[in-house]
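S.K.: Chains as they are written, first to last, in this note's numbering: chain H, 1 to 95; chain E, 1 to 1098.
Worth flagging that the hints you see were computed from the coordinates, not collected in a lab. Careful: at least some of the hints might be erroneous.
Stated by the list, open to error - Computed from the model, here is a short list of chain E residues facing chain H with C-beta under 8 angstroms:
(1) LEU185
(2) PRO188
(3) LEU220
(4) PRO222
(5) GLN509
(6) ARG511
(7) ASN514
(8) ARG887
This structure is a prediction, so every number in the text was calculated from the model and none was measured. The beta-carbon is built from N, C-alpha and C at its ideal position, and this holds for glycine as well.
Below, each chain spelled out in residue letters.
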Amino acid sequence: MLRIDEAVLVATDNVGEPVGFSWRGCTYRVGSRPIRWFTRRAWWLDSPRANRGIGASLLEIEMWRIEAFANQEARQFELTHSVDDDAWRLVRVFE
Amino acid sequence: MSFVHLHVASAFSGHYGVTRPELLAEAVAAAKGDCAALTDRDGLYGAVKHIGACLKLGLAPIVGVDLAVFDDDWQALGRCVVLAHGNNRGLGWSALCRVVSAAHRPKRSARESGKNRLIGIRRSELADLVQDEDRSFATVLIGPDSDVGKATLLGNKTESERALRGWQALFRTPAALGVEIVSHLTEPGTHLSVSHAKRMLQLADSLRVPAVLTNSVRYLAPDDAVTADVLDAARFLVPLGEFEAQPNAQAWLKSATQMRALAADIATEDSRAELLLKHTEALANRCRLEPVSDCGWGIPKTPEKEALGIAGNPFEVLWQRAHAGIEWRYPDAKAKALAEVQHRLNLELMTINKLGFATYFLTVADVAQMIRDMKIRTAARGSGAGSLTNYLLGISGVDPIEHELLFERFLSTERSSLPDIDIDVESARRHDIYRAIFKRYGGDRVTLLSMQSTYRGRGAMRDSGLALGLDDEQIDEIAKNMWRFSARSFRNALAVKPELAAMAEAVEQDRKMNLLVDITERLDRLPRHISMHPCGVILGDQTLLGLTPVEPSGIDLPMSQFDKDDMDPMGLLKLDVLGVRMQSSMAHAVNEIERVHGQRIDLDAIRKDDEATFKLIRSTNTLGIFQIESPGQRELTGKHQPTEFNDLTIQISLFRPGPMKGNMIAPYLDGRHGFAEPEYIHPDLEPILRETYGVVIFHEHVLRVLNKMTGCGLAKADEFRRRLENPKSAAQVQQFFRREAAERGYSQEVIDKVWGILEGFGSFGFCKAHGAAFALPTYQSAWLKTHHPTEFLAGLFTHDPGMYPKRLLLAEARRLGVQILPVCVNRSTTEYLVERIADAPGGEPKYAVRLALTELHGVSGAEIERIIEQRPYSDIADFYLRAKPNRRTLETLATIGALDSLVDATQHNRADVIARARQLNALSDRKQAPTNQATLDFSIVEPVPTGNEDKTVEERVRDELKLMKLDVSEHVLELYRPMLDAMGVVRSDELVGLRSKTEVLIAGVRVATQTPPMRSGKRVVFLSLDDGSGCSDATFFEDAQQRASSILFNTKLLLVAGKTRRTGVRGVSIMADNAWDLRELWKEFNKTQATAELRSSA
Chain H
1 MLRIDEAVLV ATDNVGEPVG FSWRGCTYRV GSRPIRWFTR RAWWLDSPRA
51 NRGIGASLLE IEMWRIEAFA NQEARQFELT HSVDDDAWRL VRVFE
Chain E
1 MSFVHLHVAS AFSGHYGVTR PELLAEAVAA AKGDCAALTD RDGLYGAVKH
51 IGACLKLGLA PIVGVDLAVF DDDWQALGRC VVLAHGNNRG LGWSALCRVV
101 SAAHRPKRSA RESGKNRLIG IRRSELADLV QDEDRSFATV LIGPDSDVGK
151 ATLLGNKTES ERALRGWQAL FRTPAALGVE IVSHLTEPGT HLSVSHAKRM
201 LQLADSLRVP AVLTNSVRYL APDDAVTADV LDAARFLVPL GEFEAQPNAQ
251 AWLKSATQMR ALAADIATED SRAELLLKHT EALANRCRLE PVSDCGWGIP
301 KTPEKEALGI AGNPFEVLWQ RAHAGIEWRY PDAKAKALAE VQHRLNLELM
351 TINKLGFATY FLTVADVAQM IRDMKIRTAA RGSGAGSLTN YLLGISGVDP
401 IEHELLFERF LSTERSSLPD IDIDVESARR HDIYRAIFKR YGGDRVTLLS
451 MQSTYRGRGA MRDSGLALGL DDEQIDEIAK NMWRFSARSF RNALAVKPEL
501 AAMAEAVEQD RKMNLLVDIT ERLDRLPRHI SMHPCGVILG DQTLLGLTPV
551 EPSGIDLPMS QFDKDDMDPM GLLKLDVLGV RMQSSMAHAV NEIERVHGQR
601 IDLDAIRKDD EATFKLIRST NTLGIFQIES PGQRELTGKH QPTEFNDLTI
651 QISLFRPGPM KGNMIAPYLD GRHGFAEPEY IHPDLEPILR ETYGVVIFHE
701 HVLRVLNKMT GCGLAKADEF RRRLENPKSA AQVQQFFRRE AAERGYSQEV
751 IDKVWGILEG FGSFGFCKAH GAAFALPTYQ SAWLKTHHPT EFLAGLFTHD
801 PGMYPKRLLL AEARRLGVQI LPVCVNRSTT EYLVERIADA PGGEPKYAVR
851 LALTELHGVS GAEIERIIEQ RPYSDIADFY LRAKPNRRTL ETLATIGALD
901 SLVDATQHNR ADVIARARQL NALSDRKQAP TNQATLDFSI VEPVPTGNED
951 KTVEERVRDE LKLMKLDVSE HVLELYRPML DAMGVVRSDE LVGLRSKTEV
1001 LIAGVRVATQ TPPMRSGKRV VFLSLDDGSG CSDATFFEDA QQRASSILFN
1051 TKLLLVAGKT RRTGVRGVSI MADNAWDLRE LWKEFNKTQA TAELRSSA
């Protein structure tokens, strides 16, 4: 497994599920249905505020586990999606 | 489309749930749901509030519990949810209550494994409680946190099936068992992931156990997950980051659409998802409770007639007993007075009968009689003192006719909730009374009441600090400056409170401090822990333990999981038996008078017009007198100058938030002292308001005025009075009042004026019955202080009833000339006793108060017991051998002079005694005390040392303060006397002779700090200082608060600069400009002294 942390451009369908993305010059097409899950952050380590109403994104990170193809080769990827600014990052590549 | 969440923890799941049950129910109603469930962890703590909220919102309530389960060998089987079935005449509810009570019962069978204190239930016992041969009364849900859930997560199919079969074998009846499917969308393959849920569903299907979907909710919205993190830290007692935190923020009350989407994700086919939702709904339907038939909602429950020992119709018994009381209470009454008593009693009894409360009154009377039979002092408090029935039954000791108190304020047919009758008793005997009540009515009819304490300022901050890993010292430092503001407004307080200025700066600089503020605000008002209510006992019938779950309390009696607000909805009779230290103090004083002087005083029978007693009160030396010793009451006493009992009732009532906010004090005092002509508005009102010079103070005044001017009757009038509190409903009252009063011929001007007063009265007044009930112990304690100060002080010292530190009593004793004797191992006991001391030649015998052994810090109860048991002691070695004090205790006793009586005072001083104690402490092992031997060899071998340099008075005072927090030898302020004299500091007892606006310096020990509610809304801080000659009070307004800043709430010894302000005949207070720490000044003073000396010698 490869840990990385790079912004990626992701194309999504009408319900917001990723259908493809480009990374390091390659374009990946999502194969089987991606799995969305949620992990958390240790907000107390770096956040300056934790006031009521700050929102779940202080604590929670949306994750997508994706099987995607580029040039016939399938690999598993993990992306994070920030709901606040709709930014996607690639965080893990499974070998 | 709707979805019923069947697994929901509220904030009453201590240190776990985040949201109040009322808010959860509101969210369900807002989402158009028609029923709502609550399943708190380990109890039904929030259940009654949940049911109440559901009823209000038109929802069907569902109640369950989330519990730990064990096998028969006390091996953990994880947690399950138990949901009571409804609509079965309480079978489900009562099973649930009994399950919860069983889970809290100390586990005898688990004692060896050290698990007897754990909360949880054995699976076999659970199975027995929730079903009989062929029916189930509750459904047990096995979810991801159960043994089954854990096995499933590991992917071991055989093990998972074996685990689930273990449950199936015990829960055989229909609907007794279900599998709970939960997905919190965690990382695939982990606990609470979709894949985990999928496997649970497959397992349920393969063993044909019905499955339901829940979201295992612990907060209302995702944002609350942060609060849940902090609660987890508080529960585990470790900082965030040092335990496995919740996986994400998914445990919230999701919408039906979101739950359907989850079902679709979990099930392999759409039809299976539908079935999952269908089974969830079916279980919800089975669990809808009918509050009245299932939980006895609102139906009053009192002990059965047999339990009260009465035969026949309860009302007839009540009638007889009340009438029998007339002879007792009014032995010398004339015919006319008797007729009034009869008439009023009949009216009261008719109301009681109409409401069906005869058994209730008989129950309370029975308890009151039992308490009197135990020879324990009692007094009624609250509106119950307005009832003649209560007076005749011996529940209350205040004559409502003499004091013009109204029954209608206490009870009327306009309201049907059970009335509150509160009984004050000696605090030291309170638990004896509880035990006697349990014994009298049986453990199946009685339980104690509990209360939930909630997070407030300091507590919230402490636990937040713990969560963030701040060290204790840091937290203490901050908490010290938090002074009476709610944590909710912490950030706001930082901006405005001068004493928090340093903290505010830290918050700007330090990220963690900033976080601390935020999470402290989040914790505010959340339930923190449950404990025994300080005074409530629940009395019910034999069904009680099927209506409320119980758990162990701090004492050896069970307590209900419901709090006082839950009593009325559940139809439970709560008896307030409140321990009042003043009652214990007075009982002690009366006992000491009898022991020492052989004179038995009946405090309840003393005349209430003793001039000497009122003279003492008027002097404002009210320290130790019930209700009127606080700085504010002392000041008011100076202005008011009471001359009769009713004045005490009025004064106690005036000094309450309501009358203070309603600005009633000044007009009353003006009228009383003749500064203003009382205005009665109409001759009809004069008889009602004469006692208060035309000022409407009491609820009883409002009732009488309304009744007089509209003829509405007193019962209706009390209903109107309640409606005055709300501006909306007050409008209707106004309409009625204006119409009826006009019809009775009152002029428009009179009507306008009276309405203006009634409207302004709002919720500001006070119940006179309550004031009169309080005035009784006020008068009694003042009488004791006047006529038996030595014994009274002994009582105060022993039971410490007041608001001030004990050392202030020492100052008062000095002021009164009551001698205080030091602790003595041959004489002191666990109480302060009065001793006859050497008589002055030819004079009266003299008496003094002996300090108790219990005052010594760090001396254990066992040591004290031994000291008392082994006495008398002939010398220090004898004491050392037989009382077996530990080293520290021996040194402590020697240091404060408790061993002085064991040496010849002409030969040895205190320093010699201490040297002797150290000698003994230096011995490697304690020699055994030889039996039947008068002198110990040991004492001959080593004589008591002599010739050590004796301790100075200053040293003694410091020792006493350190070891007892009491300055016995002399007032602590004397240590600073040279500086105080050099500065020209004024003594407290000199203030009364000064002109108003004199610039003064005062000094003293802080004895009280108060920030009472002010009409302006601005904070004013009152400090009371004791300097040995009495108390002086300093008032700090905003500017002075700024200047004094951190000195204001922390420093013990203070010097205050300000101007005198006369507040009445005997009243003077100081308008403070600034304050300083006396000890800091002392250091400076000594430095300059030293420099001066150096200079002069140079």
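S.K.: Indicate, hint by hint, whether the structure satisfies it.
M.R.: Cross-check of the supplied hints:
For E/LEU185, the suggested interface contact is upheld, since its CB lies about 5 angstroms from the closest CB of chain H, less than 8 angstroms. Against a cut-off of 8 angstroms between C-beta atoms, the interface hint on E/PRO188 holds, since the closest Cβ of chain H lies about 6 angstroms away. Look at E/LEU220: its Cβ only gets to about 12 angstroms from chain H, farther than 8 angstroms, so that hint breaks. For E/PRO222, the interface hint holds, the least distance from its beta-carbon to any beta-carbon of chain H being 3 angstroms, beneath 8 angstroms.
This hint is violated: E/GLN509 has a C-beta 12 angstroms from the nearest C-beta of chain H, more than the 8 angstroms allowed. Hint status for E/ARG511 relative to chain H: holds, with the closest Cβ pair at about 5 angstroms, below 8 angstroms. Because the smallest distance between the Cβ of E/ASN514 and any Cβ of chain H comes to about 6 angstroms, under 8 angstroms, the interface hint for this residue holds. Here the hint on E/ARG887 is broken, as its CB sits about 45 angstroms from the closest CB of chain H, past 8 angstroms.
Consistency note: the structure conflicts with the earlier hints numbered 3, 5 and 8.
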